[in-house]
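Chemist: Using the sequences provided together with the hints, build the complete structure.
From first to last, the protein sequence lines stand for chains A and B.
All letters in the first sequence, in the order written, are residues 1 to 175 by our numbering.
All letters in the second sequence, in the order written, are residues 1 to 311 by our numbering.
FYI, nobody ran anything at the bench for these hints, they're computed from the structure.
A few of these clues could be false.
[What the hints assert, rightly or not] Here are the computed distance ranges between Cβ atoms for each label pair:
{"#": "1", "chain 1": "A", "residue 1": "Arg-3", "chain 2": "B", "residue 2": "Leu-96", "range": "54 to 62 Å"}
{"#": "2", "chain 1": "B", "residue 1": "Arg-26", "chain 2": "A", "residue 2": "Met-101", "range": "22 to 30 Å"}
{"#": "3", "chain 1": "B", "residue 1": "Asn-117", "chain 2": "A", "residue 2": "Phe-144", "range": "57 to 65 Å"}
Heads up, the beta-carbon is just placed ideally off N, CA and C, and yes, glycines get one too.
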Amino acid sequence: MNRNWMILFLLILFFIEGSVVPHLIPDGWYGRIVVQFVFVVVLFHGVYAHRHTALLMGLGFGLLHDIVYYGQIIGPHSFTMGLLGYLAGTVFNVRHKTMVMMLFVVLIGSFLYQTIIYGIYTLFSLSHFTYQQALLDYIIPSMFVQLIFALIVYVPLRKWFDMIQGNNKKDSEEA
Amino acid sequence: MCMNKVTKRHYDEKVLTLFKLLGNKRLFILMLGLILFIALMGFSLGNRGKLTWAEKFVHDTSSFVQQVFYRPTAAVSAFFENVSNLSETYEENERLKTAYAHYIRDKAEYNRVKADNERYKKLLEFTEHQKAQNRPYEYRIAQVTGLNVADPFNQSLNINLGSKNGVQKGMPVIAVEGVVGVISHVSEFSSSVQLLTNIDEKSRAIAVTVQGKENKSFGMIESYDHSNNTFLMTRIEENDPLDEGDVIVSSGLGGKFPAGLIIGKVIKRQVGDIGLTHTAVIEPAATYQDWRELFVVIPPNKGNSSQENGQ
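Modeler: So, in structure tokens, the structure goes:
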């Protein structure tokens with residue numbers, strides 16, 4: 001049940017990302033601030049839920065993004081989100097999951113995400129930046145936007161995940 | 001044997017988790033996924049004519065839902081913008097009054113020229129096809145449903161008009177100020193628009209000319225400079241009358257992009273890389289903002305061609 005609510009939450013977040021957020025970004029900064037709120041929540045899944053959940057969520061919502069904003073190619077967001085969600089779940093599968101660690105994951109994740117997307121577009125010769133330009137132009141500024149979003153949603157999401165895990169434990173005990 | 005297994009497991013646990021990732025099965029699945037995705041990207045990269053029904057369904061549904069979010073937000077943001085612009089209202093009113101007076105004067109002139117034009121067409125015995133080509137464009141008003149802010153290489157937006165409303169791939173989309181982009185993919189009830197800022201050497205260049213010197217000037221808009229936010233216009237002849245401050249409009253040569261749509265203003269003219277032709281730096285007329293409504297331009301010989309064939 002909780003899983004379904006989470007999917008609904010991510011769907012709403014996805015729609016907000018394309019419709020409400022553009023109004024919040026000042027006109028001159030369009031293209032310089034890249035918003036990946038759904039991806040941040042996928043990373044939370046990787047660390048606090050399970051890597052397979054993160055993989056599936058990443059693949060699904062990445063594909064949704066690819067289809068809804070289909071410009072030149074389908075696939076890069078799906079691939080990157082799935083891969084990084086899974087990696088976050090594998091590498092940070094430790095006992096003590098602190099807030100600082102989660103924020104670190106979000107920073108690195110956002111950086112890797114943009115780098116892989118840049119790589120894919122360069123591979124298909126669709127990009128018009130050099131890597132250094134891309135880094136200064138939008139990768140580093142948007143890392144901080146992701147960080148701020150992660151800070152805002154950390155507490156409620158953490159509670160939510162704890163609740164889900166508590167429920168799961170109960171279920172397994174009853175069984 | 002059993003002993004081996006135990007030591008192996010022990011070893012596995014000790015080894016870094018990252019190392020674990022390179023286990024055989026996982027590596028195999030990762031490789032398979034990579035190949036699949038590269039294939040998918042390669043497949044979707046080409047010039048695809050029509051979308052599959054699944055893509056259309058997802059696109060239509062999410063555009064519809066997004067619109068529910070987009071419109072109220074746009075209204076609120078427009079309200080705040082209006083409040084902050086309140087002080088300029090008086091000046092704007094004065095400007096509009098002058099513009100309206102000009103318009104009334106030009107309208108009389110236009111009516112006369114139009115009547116003349118009709119008469120000449122009759123005298124010169126234009127064919128039906130030629131007449132159809134000179135018909136004015138049809139403008140369809142479209143609501144923006146969402147903007148892509150997650151990918152700087154794919155600046156696109158979605159609108160709520162689709163193939164059911166007569167929209168086709170390649171039609172220009174304009175704001176009041178000028179050209180915004182081109183329809184890139186069409187679903188039944190929605191379509192996506194590639195912004196003109198995505199233009200590069202690989203996509204089709206737009207033939208342009210100077211407003212007021214349509215027959216003397218020629219050039220191509222080929223690329224967009226992301227660091228300066230300007231277009232580069234190339235292949236301008238040396239003796240071309242193009243000058244700084246001129247308004248650049250599409251010329252309609254080549255047939256794909258209809259004529260007369262405003263693209264930008266010339267900032268600078270310079271000698272090109274090779275020295276044979278000149279290039280010009282163009283400031284876009286329609287810069288990015290949170291558009292609420294855009295117009296899809298339907299050229300007369302495109303939108304109704306099927307109906308005419310039927311008659």
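Chemist: With reference to the structure, classify each hint as holding or not holding.
Modeler: We went through each hint and held it up to the structure:
no., hint, verdict
1, A/Arg-3 / B/Leu-96: 54 to 62 Å, "holds (56 Å)"
2, B/Arg-26 / A/Met-101: 22 to 30 Å, "holds (23 Å)"
3, B/Asn-117 / A/Phe-144: 57 to 65 Å, "holds (59 Å)"
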